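Student: So the chains spell out like this:
2 protein chains.
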Amino acid sequence: MTSRDDRKATDADRVVISVDAMGGDRGPAAVVAGIAASATKNPQIHFILHGPEAELEKLVAKKKGLPERVTLKNAEGVVSMDDKPSQVMRRGKGTSMWSALESVRDGDATVAVSCGNTGALMALSMIRLRKLPGVNRPAIAILWPSRNPQGFNVMLDVGADIRADAQDLLQYAHMGASYARNGLHLDRPRVGLLNVGTEEHKGRAELKEAHDLIRASADSGSYDFVGFVEGGDIPGRRCDVIVTDGFTGNVALKTGEGTASLIGDLLKEAFAYSPLSRIASLLALTSLSRLKKRIDPRRVNGGVFLGLNGTVVKSHGSADATGISAAVKLAFQLAETGFGERLAARVATVLDETDPPGVASGDAAAQDAAGQKDIN
Amino acid sequence: MTSRDDRKATDADRVVISVDAMGGDRGPAAVVAGIAASATKNPQIHFILHGPEAELEKLVAKKKGLPERVTLKNAEGVVSMDDKPSQVMRRGKGTSMWSALESVRDGDATVAVSCGNTGALMALSMIRLRKLPGVNRPAIAILWPSRNPQGFNVMLDVGADIRADAQDLLQYAHMGASYARNGLHLDRPRVGLLNVGTEEHKGRAELKEAHDLIRASADSGSYDFVGFVEGGDIPGRRCDVIVTDGFTGNVALKTGEGTASLIGDLLKEAFAYSPLSRIASLLALTSLSRLKKRIDPRRVNGGVFLGLNGTVVKSHGSADATGISAAVKLAFQLAETGFGERLAARVATVLDETDPPGVASGDAAAQDAAGQKDIN
Numbered sequence: 001m002t003s004r005d006d007r008k009a010t011d012a013d014r015v016v017i018s019v020d021a022m023g024g025d026r027g028p029a030a031v032v033a034g035i036a037a038s039a040t041k042n043p044q045i046h047f048i049l050h051g052p053e054a055e056l057e058k059l060v061a062k063k064k065g066l067p068e069r070v071t072l073k074n075a076e077g078v079v080s081m082d083d084k085p086s087q088v089m090r091r092g093k094g095t096s097m098w099s100a101l102e103s104v105r106d107g108d109a110t111v112a113v114s115c116g117n118t119g120a121l122m123a124l125s126m127i128r129l130r131k132l133p134g135v136n137r138p139a140i141a142i143l144w145p146s147r148n149p150q151g152f153n154v155m156l157d158v159g160a161d162i163r164a165d166a167q168d169l170l171q172y173a174h175m176g177a178s179y180a181r182n183g184l185h186l187d188r189p190r191v192g193l194l195n196v197g198t199e200e201h202k203g204r205a206e207l208k209e210a211h212d213l214i215r216a217s218a219d220s221g222s223y224d225f226v227g228f229v230e231g232g233d234i235p236g237r238r239c240d241v242i243v244t245d246g247f248t249g250n251v252a253l254k255t256g257e258g259t260a261s262l263i264g265d266l267l268k269e270a271f272a273y274s275p276l277s278r279i280a281s282l283l284a285l286t287s288l289s290r291l292k293k294r295i296d297p298r299r300v301n302g303g304v305f306l307g308l309n310g311t312v313v314k315s316h317g318s319a320d321a322t323g324i325s326a327a328v329k330l331a332f333q334l335a336e337t338g339f340g341e342r343l344a345a346r347v348a349t350v351l352d353e354t355d356p357p358g359v360a361s362g363d364a365a366a367q368d369a370a371g372q373k374d375i376n
Numbered sequence: 001m002t003s004r005d006d007r008k009a010t011d012a013d014r015v016v017i018s019v020d021a022m023g024g025d026r027g028p029a030a031v032v033a034g035i036a037a038s039a040t041k042n043p044q045i046h047f048i049l050h051g052p053e054a055e056l057e058k059l060v061a062k063k064k065g066l067p068e069r070v071t072l073k074n075a076e077g078v079v080s081m082d083d084k085p086s087q088v089m090r091r092g093k094g095t096s097m098w099s100a101l102e103s104v105r106d107g108d109a110t111v112a113v114s115c116g117n118t119g120a121l122m123a124l125s126m127i128r129l130r131k132l133p134g135v136n137r138p139a140i141a142i143l144w145p146s147r148n149p150q151g152f153n154v155m156l157d158v159g160a161d162i163r164a165d166a167q168d169l170l171q172y173a174h175m176g177a178s179y180a181r182n183g184l185h186l187d188r189p190r191v192g193l194l195n196v197g198t199e200e201h202k203g204r205a206e207l208k209e210a211h212d213l214i215r216a217s218a219d220s221g222s223y224d225f226v227g228f229v230e231g232g233d234i235p236g237r238r239c240d241v242i243v244t245d246g247f248t249g250n251v252a253l254k255t256g257e258g259t260a261s262l263i264g265d266l267l268k269e270a271f272a273y274s275p276l277s278r279i280a281s282l283l284a285l286t287s288l289s290r291l292k293k294r295i296d297p298r299r300v301n302g303g304v305f306l307g308l309n310g311t312v313v314k315s316h317g318s319a320d321a322t323g324i325s326a327a328v329k330l331a332f333q334l335a336e337t338g339f340g341e342r343l344a345a346r347v348a349t350v351l352d353e354t355d356p357p358g359v360a361s362g363d364a365a366a367q368d369a370a371g372q373k374d375i376n
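Protein chains in written order, with the UniProt record's numbering: chain U, 1 to 376; chain S, 1 to 376.
Since the hints were made in silico from the structure, they are not lab data.
Every value quoted in this text rests on a predicted model; they were computed, and no experiment measured them.
Treat the hints with care, since some could be wrong.
A few chain U positions that, by computed beta-carbon distances, are all more than 10 Å from chain S [as the list claims (entries may be wrong)]:
hint, residue
1, Glu57
2, Gly107
3, Asn136
4, Leu213
5, Asn309
6, Asp352
Here chain U is said to cover these stretches of chain S; the calculated rule only asks that three of the stretch's residues, wherever they fall, bring their Cβ under 8 Å from a Cβ of chain U [unchecked claim]:
hint, stretch
7, 226 to 236
8, 246 to 252
For each residue, glycine too, the CB sits at the ideal point set by N, CA and C.
All chains, please: the whole structure from these sequences, using the hints.
Tutor: Here is the structure:
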């Protein structure tokens with residue numbers, strides 16, 4: 001799953017990222033500008049870029065030093081934001097999104113990046129990369145600006161699936177903890193389960209069941225379980241990983257983004273109100289831009305699909321070059337740490353412990369993975 | 001339900017608000033300071049204040065002009081933040097919270113205000129005030145700062161019940177629209193149903209059913225239905241009323257509050273960073289305090305319990321005098337517009353139309369209410 005592209009490798013440390021150039025709101029020019037920025041900053045990265053070859057070739061040629069870092073893969077079809085996932089699953093072959101996933105499936109790249117239609121990307125990822133043994137529902141994890149020293153918390157699922165039972169939530173806890181270890185460098189992440197109160201008697205039945213499963217599995221999962229947490233803890237310091245179903249997680253994510261964006265606009269209005277406040281905003285420019293950088297959604301751009309045979313980073317549909325570059329940076333970090341293999345090993349451990357009905361715990365792949373050393 | 005306290009009334013316009021002095025995090029002194037502020041601003045308000053009489057008498061005596069505006073009602077028991085709703089339902093008699101609701105039940109006050117334990121307050125409200133005919137689950141509605149001209153949107157349910165079926169969501173739409181008409185002065189509020197996408201095929205089964213029910217009922221409910229909305233629309237301008245179940249609504253509310261609070265703290269840090277930024281913050285003081293006032297949660301303090309025979313305003317547990325005063329202001333507005341009667345009439349109309357199983361549409365109370373003119 002994470003084998004390097006040995007045929008073309010000229011450098012043992014080279015990391016290959018597969019990038020879908022199409023399907024984002026700003027078109028392939030923004031994507032090429034983003035990967036160009038990443039290529040300048042990081043000499044290890046090489047790209048496989050998927051889309052209409054003639055068009056992409058021209059865009060890449062304009063960026064100095066980029067052509068020798070990019071392998072183009074022609075794909076004329078484009079998945080649009082309006083396409084339904086079910087249609088894309090049937091007719092998605094030949095699209096740049098499909099092609100980007102194929103490079104990961106074939107082992108030519110370690111991580112795929114796309115800013116296209118989320119539902120379609122998840123659907124295609126499920127059929128092309130397939131779920132890890134023991135994972136019933138893959139999840140999308142994001143990084144949320146927080147009061148913790150690492151600056152961000154992990155939250156999942158933010159919309160891969162609108163349902164999650166107790167067993168799914170347990171897998172999310174393990175996958176989220178693994179992501180926090182590899183993405184945020186936390187040895188023993190603190191995991192919280194999202195609910196409407198912190199008392200153990202509160203909330204829906206599946207949450208109480210998940211509470212007990214996640215608690216019982218904390219040692220083998222190398223995380224600490226802090227119990228139920230509330231919406232205010234998502235940007236807070238009580239835990240590093242927030243576990244929830246994809247419906248609740250998606251609403252929370254969009255509510256947070258909407259609130260931050262409203263405050264940003266009101267702040268702009270406040271500073272434009274009078275001549276004095278306009279002078280003040282000039283003086284405060286550095287402070288404000290530092291704040292903006294800290295909470296700018298473009299700089300933490302990238303939901304990660306977890307629970308598949310391969311890692312997929314979903315960038316915001318509206319991402320510009322800065323956003324794409326952030327998504328590529330995240331993809332690089334995950335590829336470099338061998339995150340995909342480590343996550344698979346973690347999930348296999350849970351599988352061995354809990355032995356959920358319908359999945360054989362003697363599954364060869366799972367045992368292989370569980371046998372690996374230094375899982376993270 | 002909204003009858004004035006005629007025995008003691010010296011002024012026909014007098015509005016009596018029943019206030020629970022105990023159970024908030026800051027104790028009765030904050031509550032008395034809050035009602036004193038409201039009394040100064042509004043000569044029509046009279047209070048019935050519930051709690052340990054000796055203690056309250058001293059606090060009230062300290063505020064000039066307040067004693068003649070307050071009737072004390074002795075209640076020695078206090079519901080604490082840790083009490084379970086089920087315990088309070090059995091043993092809550094004699095508490096200040098119970099007593100505050102009794103004044104509304106007996107018709108001595110129009111609206112009750114409490115900053116105590118939310119779950120206990122809802123449980124006591126259910127058994128003492130009882131649900132309106134046709135309402136299966138009451139809801140808590142809040143005002144959320146938004147981009148709309150009125151400055152706020154209504155969201156419900158934010159935590160009265162963790163479940164809601166399609167029929168409940170339909171009632172929430174009617175109750176929320178009625179609140180928006182009376183609380184925000186919108187003739188024809190736009191109602192949206194919270195989901196993870198705006199396409200009609202998305203989301204859980206009960207949401208699709210609710211979508212169709214709410215759409216079909218728009219004309220009789222005097223609202224416009226904009227269909228599914230997302231988390232980003234809660235502070236947005238697409239609709240005025242956001243309908244959701246109490247689990248999702250509670251998570252969204254707390255996520256929004258947590259995000260706003262994090263940004264506020266980061267803003268403070270940014271302005272404290274350098275001497276130049278500290279000068280800037282002095283110059284920008286007016287602008288910043290204008291912004292703070294706009295999004296200060298204390299100034300929109302008060303969740304309203306909807307669907308009961310009587311109106312209850314739940315203030316934040318941590319409310320200070322400013323927060324209490326805002327909750328009293330909201331209670332006054334709702335009392336003055338006859339909101340309780342209007343809401344009951346609206347709910348009865350839905351009941352007549354949809355005739356849900358288990359509730360006779362010939363119910364006398366419902367027909368009386370539906371027969372009223374000028375429902376809002």
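Student: Evaluate each hint against the coordinates.
Tutor: Hint check:
Its beta-carbon lying about 35 Å from the closest one in chain S, Glu57 of chain U satisfies the requirement of being farther than 10 Å from that chain. With a cut of 10 Å on Cβ distances, Gly107 of chain U stays outside the contact zone with chain S, its closest approach being about 33 Å. With 10 Å as the threshold on Cβ separation, the claim that Asn136 of chain U sits away from chain S holds: the shortest Cβ distance comes to roughly 18 Å. Under the 10 Å C-beta cut-off, the non-interface status given to Leu213 of chain U relative to chain S holds; the minimum distance is some 20 Å.
Even its closest Cβ contact with chain S, about 26 Å, leaves Asn309 of chain U beyond 10 Å, as expected for a residue assigned away from the interface. Here Asp352 of chain U stays apart from chain S, with its beta-carbon at least about 33 Å from theirs, past the 10 Å limit. With 7 residues carrying a beta carbon less than 8 Å from a beta carbon of chain U, the stretch 226 to 236 of chain S meets the three-residue requirement, and the given coverage holds. Only residues whose beta carbon comes within less than 8 Å of a beta carbon in chain U count, and the stretch 246 to 252 of chain S has 6; three or more means the coverage holds.
Violated hints for the displayed structure: none, as all numbered hints are satisfied.
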